[in-house]
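Given the sequences, and given the hints that come with them, work out the whole structure.
Line by line, the protein sequences are chains A, B, C, D and E. Take the first sequence: its letter number 13 is residue 13 in the working numbering, and every next letter is one higher. Take the second sequence: its letter number 275 is residue 275 in the working numbering, and every next letter is one higher. Take the third sequence: its letter number 8 is residue 8 in the working numbering, and every next letter is one higher. Take the fourth sequence: its letter number 131 is residue 131 in the working numbering, and every next letter is one higher. Take the fifth sequence: its letter number 58 is residue 58 in the working numbering, and every next letter is one higher.
No lab work stands behind these hints, which were simulated from the structure alone. Model, not experiment: these values are computed from the prediction. Even glycine gets a Cβ: it sits at the ideal position worked out from N, Cα and C. Hints may be right or wrong, so weigh each one.
[Stated by the list, open to error] Not everything, but these chain E residues come out facing chain A in the computed CB check (under 7 angstroms):
#1 LEU40
#2 PRO120
#3 ILE127
#4 MET131
#5 GLY297
#6 ILE301
#7 MET304
#8 LEU305
#9 LEU307
#10 VAL311
#11 PHE315
[Stated by the list, open to error] Pairs of lysine-lysine, DSS-like flavour, derived with a Cα cap of 25 angstroms:
#12 C:LYS20 x A:LYS184
#13 A:LYS161 x C:LYS154
#14 C:LYS56 x A:LYS161
#15 C:LYS56 x A:LYS184
#16 C:LYS107 x A:LYS184
#17 A:LYS184 x C:LYS154
[To be verified] A short list of chain B residues far from chain A (calculated; beta carbon distances all over 10 angstroms):
#18 GLU47
#19 ALA48
#20 GLU72
#21 ASP192
#22 GLU253
#23 GLU273
#24 GLU299
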Amino acid sequence: MEQILVNGTILAANYALIALGITLIFSIMNVLNFAHGQMFMLGGLIVYYVCVVLHLPYALALIAAVVIVGLIGMLFEDVFFQRVMRISNREENTMLLAVGTSLLLENAALSLFGEKQRAIPPIVSGVYRIGNAFLPASRALVLVLSLVLIAAVLVFVNYTKTGRAMRALAQDRTATLLMGVDAKRISTLGFGLGAALAGVAGGLLISISGVNAGIGTAISTKAFIMIMIGGAGVISGSLLGAVVLGFAEAIGYALIPGSVTYLLIFVALIVFLLFRPQGIMGKPAA
Amino acid sequence: MVNASRRSVLKGAGALALATTLSTPSIVRAQEKALRIGQLGVMSGPEASWGLVNKYSALATAEMWNDKGGYEIGGTKYKIEIVSVDDRNDPKLTVSGAERLTGSENIRYFIGPNTDTTATSVRPIAEKNNAIYFPYAFARSLYTKPAENAILGMIASYQVAPIMYQQLKEQRGVKTIGFVARNDSDGLLQRDEGVKVAQTLGLEIVSSSDTYEPTITDFFPVMSNLVSLAPDLIVLSSAAPAHAPQMMRVARELGFQGLFACEAAQDIKIINEVAGEYGDGLISIGGASTPEIRSPYMEEFIARYTKVAGEWNDEAGTKAYALEILLATLAAAGPEAIDDIAPFKAAIDGFSMKNPFLKEESQLTYVGTGDFGQKRQIGVPMVITETKGGAFTTFAISSVAS
Amino acid sequence: MRYFEARGLTVDYDRVTAIKDISIGFDEGQIVALIGANGAGKTTTLRAITALSRLKAGEIWFEGEQIDRHAPAALVERGIAMVPEGRRVFPHMSIRDNLLMGAYTRKDKAGVARDLERILARFPRLEERFRQSAGTLSGGEQEMLVVGRALMAKPRLLLLDEPSLGLAPMVVRDIANLIVEINRDEGVSVILVEQNSRMALRISQYAYVLETGRIGLEGASADLLHNDHVKALYLGG
Amino acid sequence: MTLLSVEGLTRRFGGLVAVNDVSFTVSEGEILSVIGPNGAGKSTLFKLIGSFLPPSAGRVLFEGAVVSGLKPNQVARKGIVRTFQETTVFKEMTALQNVVVAHQLGVTASPLGTFFSSAAARADERRFRDSAAEILDYLGLGHVKDVEARNLPHGYLRALGIAIALAARPRLLLLDEPFAGMNPEETDRAVAMVEGIRKRGVTVLLVEHDMRAVMRISDRIVVISFGSKIAEGSPEAVRADPAVVEAYLGKDDETIGH
Amino acid sequence: MAASLDAIAGRAPERMGGVSRVLLTLLPLAAVLYGLIPVLFAGQPYWLNVMTNGAVLSFASLGVWLTFAIGRVNIAQGAFALLGGYVTALLSTLYGVSFWLCLPASALVAALVGAAIGWPLLRLRGIYFAMVTLSLTEAMRLAFLNAPGLGGGGILNIPRPAGLDTPLAFYLFAATLLLAGYLLVWRLATSRIGWVFRSMRQNEELALSIGIDVARYRVVAFAICSAMGGVAGGCFASLQQNIYPASYTVSDSINFMLYCFLGGLDFVLGPIVGTFGLVIAFELLRSIQEYQALLYGILMIVVMLFLPNGVISLFPLLVRRFGRGAS
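Shown next, in the form of structure tokens:
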């Protein structure tokens with residue numbers, strides 16, 4: 001039982017970073033970032049490269065992952081998304097573009113880093129015991145770092161000028177422009193921040209389980225599940241979605257024979273959406 | 001990264017070369033007697049390494065022979081050309097790829113594909129177009145009559161399990177066993193076969209219901225369940241080289257003291273990278289090339305493979321056999337077999353050659369009568385390895401009964 | 001050169017001319033009204049001034065500086081704030097954050113804090129609900145919030161687009177009085193776009209009547225209020 | 001004869017009562033207006049009658065049969081058709097296509113017949129095109145019938161919205177703020193249009209903010225404030241009702257700016 | 001000239017008579033499918049196979065296009081292809097049912113399941129519907145993987161349909177199927193039903209207000225789409241003679257959606273052009289191996305950036321340009 005709690009907490013914290021990033025991008029740009037999982041993967045591979053190939057410290061690698069993936073996000077937003085949003089007839093076109101960027105990132109990663117599973121040696125060793133549960137130190141570290149990062153993002157979004165501008169932009173673009181906000185810059189920044197969060201999540205996770213070039217779609221799918229549970233575009237909802245998914249997975253793996261866990265999660269999700277299509281925290285569609 | 005980038009360059013060069021090959025009319029080549037062998041498999045996406053190892057192995061063998069002026073069949077030396085086609089592990093693309101090799105390119109022999117899904121999709125094409133292929137997939141229907149065009153290039157998991165578990169029971173005193181399987185068709189089938197074997201051997205099965213999604217990112221929840229039952233042995237059914245080390249690391253972090261076993265080949269480099277000090281104690285089917293048993297020819301092959309691929313992959317130890325035995329059988333069947341598989345099929349049953357990859361004198365033949373009712377498997381030695389101090393060491397050597 | 005001067009403003013939407021050759025000008029501290037029928041081009045004129053719509057022709061001068069090439073953000077920094085039509089509060093942000101968004105371009109933290117106090121003092125209803133999200137306010141309260149938000153930018157020129165739209169007459173009166181007070185107490189010049197012509201003419205000094213994208217009539221508001229043509233057309237008899 | 005009766009209609013959103021126990025009836029052939037200050041619950045009432053929202057309590061009867069609980073399209077089939085505020089039309093169709101497609105309730109061909117373009121289906125289409133052209137001409141949109149709706153001048157969109165509703169052959173037309181944002185001249189035209197619609201045999205229930213226009217065309221007026229009905233009667237009676245004046249009109253304008 | 005181009009793009013002029021409209025719309029596609037392709041590739045089973053894949057995939061994409069027409073981004077077509085594939089596989093291997101009966105059965109089962117799932121789910125819109133259908137694809141895969149009695153495995157040795165044992169025969173069958181599918185969707189799109197779909201896409205509330213039974217039409221569109229997916233799955237199961245839970249995954253569903261997008265959502269021919277375009281492009285890119293997929297991604301972004309309304313949107317542009325040049 002304690003083990004389920006520990007497992008759920010760790011998963012939830014990891015997932016929260018992923019969900020937070022995709023939510024930021026969605027709320028500000030109204031773009032469902034299909035490439036989110038690929039950005040996560042890239043973050044992991046960058047950490048691998050810096051740590052294992054360049055033999056530099058993990059902290060540095062993590063910073064590199066944040067910066068590079070963040071810059072890639074900003075670049076995509078600036079070069080691709082703004083153009084497509086300007087010229088296309090339909091809103092859905094950004095979705096296709098996002099799929100295109102995900103293919104691009106995945107194959108670029110495949111060419112650069114190869115197809116193999118990559119991981120880095122454990123940063124810390126040892127195992128804590130909490131009651132009957134095990135908590136390996138490396139996982140505890142990731143948990144703590146995740147929580148710190150989540151808190152930092154929440155503080156940034158809620159209490160800084162730029163964060164406020166991001167939230168404002170998500171709610172009313174014209175009014176935000178009239179406040180003197182450079183909406184283009186904030187959008188780019190928001191996309192970059194969302195991407196960077198995916199990157200840092202990947203960079204953290206590689207230290208405990210490794211990544212390979214092909215995991216992107218699976219991560220994106222999980223991110224989608226979380227924002228469907230919590231409500232798209234709502235930050236508190238994405239965190240809640242992460243907690244729900246994390247614990248559902250932990251409980252499922254522990255209690256359900258066979259691996260119908262994910263099948264059940266999907267079925268539950270579909271049924272849930274029938275009753276509450278906007279997710280738990282989402283605002284009802286007008 | 002040095003490796004990776006060099007490999008990219010090599011890949012680029014290979015791609016260019018191949019592009020020229022494909023766009024150049026075949027008349028030009030016909031003058032210098034070429035023998036074209038196909039290779040069809042997954043070479044992109046998460047499973048890319050399976051097909052790529054086939055490709056690099058074939059290229060390495062081909063280059064070694066071409067350097068010597070070609071392979072001699074019926075008194076003529078043939079330059080060997082490898083024509084590779086990526087199927088992305090998508091049956092639709094495998095089918096069109098096989099059609100391309102055996103139809104458009106008129107190739108009678110090809111290596112691959114790499115999974116049950118793709119291999120069974122290829123079967124009708126190969127039979128229609130009269131081609132022999134060497135899948136790396138375990139589906140029995142491919143090798144049992146009425147099918148007779150497929151030759152299993154490696155040892156199937158269900159052939160490994162009885163021997164592996166028996167040895168573990170006898171040598172390491174394994175009494176309790178737990179299974180965790182990859183949740184896809186291959187994984188579940190392998191687990192079910194493994195469970196049967198364990199029952200026959202009288203081992204106590206503590207758990208056989210744990211599975212994980214191939215897309216998993218964290219094995220902690222999966223493994224914590226199994227580790228708490230503390231079996232002597234954890235079998236990782238159909239664990240990909242990417243996943244096995246993660247599972248080991250998690251289990252060790254959770255305090256697991258026992259052994260691991262896997263009927264699929266693993267990659268020692270990934271094990272070292274991912275599992276590090278936790279990588280010891282994995283019993284798996286090896287690449288038939290542990291240092292203790294390999295011949296100088298194998299050393300040469302390894303060197304050549306490393307040049308082609310950028311880094312050595314232990315899986316290639318098994319996959320080296322396909323082209324070598326294919327060529328030798330062709331030589332035995334005579335030049336007419338190049339364009340007609342009937343003589344080749346006829347030659348299979350009586351074929352025998354000295355195993356070039358092993359230090360000790362032993363014969364390499366086709367086997368499989370026991371499992372498939374006909375000789376449709378390469379008699380690759382079954383080398384069971386154990387990871388120790390960051391390297392594969394030989395745990396047991398056996399073979400598939402003819 | 002007057003305090004504010006726009007000359008020959010022309011804007012096209014999808015190759016259809018929305019406004020053509022509109023010129024307006026006034027002195028510091030004035031309230032100027034733009035009135036006219038729906039679709040006459042009032043909102044487009046405001047959007048052109050705040051650079052939300054692209055000018056096809058024309059130039060705009062404010063405090064002796066040409067401003068028609070600036071981005072919306074730069075205009076806010078130069079002291080021009082606009083309250084858009086339909087009370088566009090940030091519904092999921094608190095009153096406080098809404099007001100702070102108004103001060104986005106300002107660097108003087110102490111000044112911002114002071115102004116926040118001042119504006120809350122002016123709008124006690126907002127202070128009561130300081131931490132609530134703006135979406136929970138009534139229409140009139142939201143109008144106060146957006147005016148307060150615009151004031152947080154410390155503007156010298158305030159553009160108001162249809163502040164009375166959809167408000168009950170009682171509330172319209174409050175808003176009208178508020179505009180007059182702000183103009184008087186803070187010395188802010190105002191361009192007021194209104195459907196409610198009577199109200200607009202009553203509180204402004206000068207007015208322009210827009211008809212299908214052009215200026216049809218202009219003059220002192222008091223005169224227009226009694227002009228028979230205007231009366232017949234826009235004041236509803 | 002009573003066409004529509006609203007009985008004790010109530011709608012709560014969380015703790016807020018948007019419509020509180022409202023009852024009134026609409027007789028065949030009359031123009032009835034529901035007015036009230038902004039936020040009084042007019043729009044919610046409107047959605048309740050059109051079945052776009054389920055009521056928390058009370059019911060709506062049309063020709064004596066309960067219609068609350070039906071889906072909006074079923075209510076439309078019974079003959080209650082609404083318009084929308086602002087510019088709700090099919091933006092990527094021409095004006096004519098907008099109105100032709102709105103004849104859906106008049107389809108006589110079977111779905112299969114429609115698919116295979118049977119004689120009945122072709123006759124339907126011919127009929128719809130003629131009828132649509134007639135409606136557009138009637139509402140003064142004849143000359144823009146082939147213009148895509150998104151390119152139509154703003155002023156035409158509201159008329160197109162009404163044209164779409166008329167195509168569904170309503171017995172009772174619900175007009176949602178038909179005069180909002182119009183200048184006196186435009187309002188005059190719109191008032192004439194609504195009266196014309198009544199002459200076509202359509203009963204009209206309109207919700208409006210603009211008192212002046214309403215006073216001119218309504219046979220009766222229902223006034224609601226804070227969700228509750230506070231007055232009902234002829235325009236003159238309502239105008240004289242002190243409760244209405246206080247809740248709705250407030251005090252005299254002359255205090256502005258002084 | 002312009003009229004026939006419009007017809008090619010699936011937008012035959014409305015004033016034309018019924019039969020000639022049908023012919024004008026079908027002929028160009030029929031000419032390519034029955035004339036050009038067999039002549040070009042008759043002796044090349046490989047290319048015939050690629051074309052067969054293209055035709056059957058186009059058929060499934062046409063279904064997805066139909067859900068775009070009602071304003072839903074559908075990422076569930078892989079699920080229905082999988083379902084249809086299993087229906088055909090089970091019926092033909094367990095009961096020896098003929099392929100020609102299996103296919104309608106696949107269509108029927110897929111349509112029924114589609115209708116049952118679609119009825120409630122279609123209330124969702126926008127990205128919510130997209131995400132939930134994506135989940136549906138994954139759920140379907142997991143359901144077959146964990147289905148009792150299937151042993152987590154695939155079904156092998158599905159008999160090849162009698163009479164379709166040469167690549168050319170199967171191709172011609174696939175081409176006919178595609179042509180039929182095209183006719184179906186084109187008729188739906190250009191008849192009153194299509195206008196009803198369009199009205200729902202543009203404004204569901206308004207459509208409701210004029211008496212359109214939006215919920216029913218949505219379900220009908222989705223069920224037809226699912227049926228087409230089921231048929232495609234059944235075809236591939238017979239063509240490849242096997243089906244596995246992993247035969248159709250999320251990426252297949254995404255591909256079906258992409259084909260529609262890239263071809264152009266405003267044209268019935270869009271999904272066909274998009275599918276063939278990408279399938280052929282992928283095969284042509286084979287010669288550059290590992291960079292194949294990378295270039296594929298870049299290609300897609302380039303199309304998106306410069307032809308955001310699909311490849312077919314190029315046609316009217318070209319016509320305008322050359323038309324102007326000529327006159």
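Going down the list of hints, with the structure as the test:
| no. | hint | result |
| --- | --- | --- |
| 1 | LEU40 | violated (29 angstroms) |
| 2 | PRO120 | holds (5 angstroms) |
| 3 | ILE127 | holds (5 angstroms) |
| 4 | MET131 | holds (4 angstroms) |
| 5 | GLY297 | holds (3 angstroms) |
| 6 | ILE301 | holds (4 angstroms) |
| 7 | MET304 | holds (5 angstroms) |
| 8 | LEU305 | holds (6 angstroms) |
| 9 | LEU307 | violated (10 angstroms) |
| 10 | VAL311 | violated (12 angstroms) |
| 11 | PHE315 | violated (16 angstroms) |
| 12 | C:LYS20 x A:LYS184 | violated (29 angstroms) |
| 13 | A:LYS161 x C:LYS154 | holds (17 angstroms) |
| 14 | C:LYS56 x A:LYS161 | violated (34 angstroms) |
| 15 | C:LYS56 x A:LYS184 | holds (22 angstroms) |
| 16 | C:LYS107 x A:LYS184 | holds (20 angstroms) |
| 17 | A:LYS184 x C:LYS154 | holds (24 angstroms) |
| 18 | GLU47 | violated (8 angstroms) |
| 19 | ALA48 | violated (4 angstroms) |
| 20 | GLU72 | holds (36 angstroms) |
| 21 | ASP192 | holds (12 angstroms) |
| 22 | GLU253 | violated (4 angstroms) |
| 23 | GLU273 | violated (6 angstroms) |
| 24 | GLU299 | holds (24 angstroms) |
In this structure, the hints that do not hold are numbers 1, 9, 10, 11, 12, 14, 18, 19, 22, 23, in rising order.
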